[in-house]
Amino acid sequence: MPQTLDILQALRDFPILGRELRPGVPLVYLDSTATTQKPLAVLAAMDEFYRRSNANIHRGVHTLAEEATALYEGARQRVADFIHAPSARQVIFTRNATESINLVAYTWARANLKAGDLVILTEMEHHSNLVPWHMLAAERGVDLDFIPVTDDGLLDLDAYRLLLERGPKLVAFAHMSNVLGTINPAAEMVRLAHEAGAVALLDGAQSVPHLPVDVQALDADFLAFSAHKMLGPTGIGALYGRQELLEAMPPFLGGGDMIKSVKLRSFAPNSLPHKFEAGTPAIAEAAGFAAAVEYLAHLGMEAVADYEHKLIAYALERLEEIPGVKVFGPAADRKGGVASFTLEGVHPHDVAQILDRDGIAVRAGHHCAQPLHEKFGIPATTRASFYIYNTEADVDKLVDGIYKVKKIFG
Amino acid sequence: MDDLYRDQIIDRYKNPHHRGRLDPHDIRFEDDNPLCGDHIEVTLRLDGEGKVTEAAFDGRGCAISQAAADLLMESVVGSSLDDVKALDKQHLLDLLGIDLGPVRLKCALLSLKALKAGVYGLGEASDDLVE
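Protein chains in written order, with my numbering: chain A, 965 to 1374; chain B, 720 to 850.
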């Protein structure tokens, strides 16, 4: 396993990175927190499925159905191995991390929580880990409370300990913030949650793509993540769950494949993981997902995290030297490859739009974390985010672009 | 530089002619674009025949949204309320003199939505007003 990334090889593996947006303006893609680009291996895996093996999975006995089923279940095994799940049966394929969290909210939570029960979230959550709980609170009278974020973008763990004294039933939090880049101390937070008798759900949408994640070492009860944020296709994600929790949970969506038997007036649910997968799933996308985790596993997640760490340290150093730029979140040693910033006197939309003229793709807005932006008293930020195919040269182009913005608005 | 940040737009953003709040006013409407945190308030004064004598906007937003609001306020002075009701997105694009993609179009149209919702006396600004 390589200890440092072969960045030139990585660049060759992503055809889109060779694109010029306009003549002489190459793409500089700094929006991987929203979605990553896809390597050839992922594109080929999906193409190959449709060219050679396309069929519906399970129960078919013809050759293509056997191949498609083997491919789909093989993908589940590869994803399970990637997060060190004890068994592939504990990995449910969903549409994305959002659906994974909703699955827990609609099944486990509605079966186990009642009015007055406490769910602890944090102030840095993505809307995907807020709104499902708002909906549950409105429907069931469940209480929500929030671990505060400090001024330097970390979770206030003393406040967390105090919240735990109130006996929460669930603690659900982002392993890594999609705005601040903060890497939260997940293992410690899960341990504290368990000591308080709570179930712990990790939103791994940002951590699984960027850090080594081992669900057994973290002792997580649930982990939600999306393929498209880790080199895979859109339309597929996963929920890992502790086996006894998944076994006891009622099914989520009803339909084909999630049943053992159906009578006119009743059904018996299928066993894990199929109990939670109603209808024909995203089969080609599962093939792409498997290729994506293989690609990352080949690079080695330690090497990925190390490479991104060096890149964000360089980016913070360069950004902070620009007068008027304020970067939100902790220092480089506590965060992943995300730099959300404001530029004094210029709206993030204008920053992003002017950068786009030079081919630099960044995101502007609240990045689906409106409460977090309110906390910092800003309506929006510009966010540059990095992945394995970015280089220090990309950071330099970003910095040059910001100086250009300053000149225009000067 | 490029079309979007032509001198007119940057100049209107930095030195708006119609920024502020008219007090008293005959028509007022406030609106938000929660996606980007933009906020706008439009106030109008009318004469005895119901024509706009003064128009002002206040709020925060990107250069496109603020320049669009300023140009829009300027364009409606002297108009009847029926004229204002008839304004569409092409009117704003003509004022700005640029083409906009679907994302930035929302920024530009925020002020027109607020203006028309105010003139129609609606409780809420709907996208239908500017389609």
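What the hints contain is simulated information worked out from the structure, not anything from laboratory work. A hint or two may mislead.
Computed list of lysine to aspartate or glutamate pairs in DMTMM-like fashion (alpha-carbon distance at most 20 Å, straight line) [what the hints assert, rightly or not]:
#, chain 1, residue 1, chain 2, residue 2
1, A, 1368, A, 1338
2, B, 825, A, 1360
3, A, 1339, B, 807
4, A, 1368, B, 751
5, A, 1274, A, 1258
6, A, 1370, B, 730
7, A, 1368, B, 726
8, B, 825, B, 807
9, A, 1370, B, 726
10, A, 1371, B, 751
Which residues of chain A face chain B? A partial, calculated answer using Cβ under 8 Å [to be verified]:
#, residue
11, 1048
12, 1095
13, 1098
14, 1101
15, 1344
16, 1373
The model shown is predicted, which means the values in this text are computed figures rather than measured ones. For every residue, glycine included, the Cβ atom is placed at its ideal position computed from N, Cα and C.
Against the structure, the hints come out as follows:
Annotation: proposed proximity of residue 1368 of chain A to residue 1338 of chain A is violated, straight-line Cα distance about 28 Å (limit 20 Å). The straight-line distance between the Cα atoms of residue 825 of chain B and residue 1360 of chain A is roughly 31 Å, outside the 20 Å bound, and the hint therefore fails. For a cut-off of 20 Å, the pair hint linking residue 1339 of chain A to residue 807 of chain B is broken: about 37 Å separates their Cα positions. At most 20 Å may separate the alpha-carbon atoms for a hinted pair to count; residue 1368 of chain A and residue 751 of chain B exceed this at roughly 29 Å.
Straight-line distance between C-alpha atoms of residue 1274 of chain A and residue 1258 of chain A comes to about 23 Å, which puts the hinted pair past the 20 Å bound. For the suggested pair residue 1370 of chain A and residue 730 of chain B, the alpha carbons sit about 14 Å apart, so the restraint of at most 20 Å is met. Of the supplied pair hints, the one linking residue 1368 of chain A and residue 726 of chain B holds, its CA atoms being roughly 15 Å apart against a limit of 20 Å. A distance of roughly 13 Å separates the Cα atoms of residue 825 of chain B and residue 807 of chain B; the hinted pair therefore holds under the 20 Å criterion.
The suggested pairing of residue 1370 of chain A with residue 726 of chain B holds, with an alpha-carbon distance near 15 Å, which does not exceed 20 Å. Distance hint between residue 1371 of chain A and residue 751 of chain B is unfulfilled; the C-alpha atoms sit about 29 Å from each other, more than 20 Å. Because the closest C-beta pair between residue 1048 of chain A and chain B is about 38 Å apart, greater than 8 Å, the hint is violated. Taking 8 Å as the C-beta contact cut-off toward chain B, the hint placing residue 1095 of chain A at the interface is violated, the least distance being around 14 Å.
Here the hint on residue 1098 of chain A is broken, as its CB sits about 15 Å from the closest CB of chain B, past 8 Å. Of the supplied interface hints, the one on residue 1101 of chain A is violated, with its beta-carbon coming no nearer than about 20 Å to a beta-carbon of chain B, more than 8 Å. Of the supplied interface hints, the one on residue 1344 of chain A holds, with its beta-carbon coming within about 5 Å of a beta-carbon of chain B, less than 8 Å. For residue 1373 of chain A, the suggested interface contact is upheld, since its CB lies about 7 Å from the closest CB of chain B, less than 8 Å.
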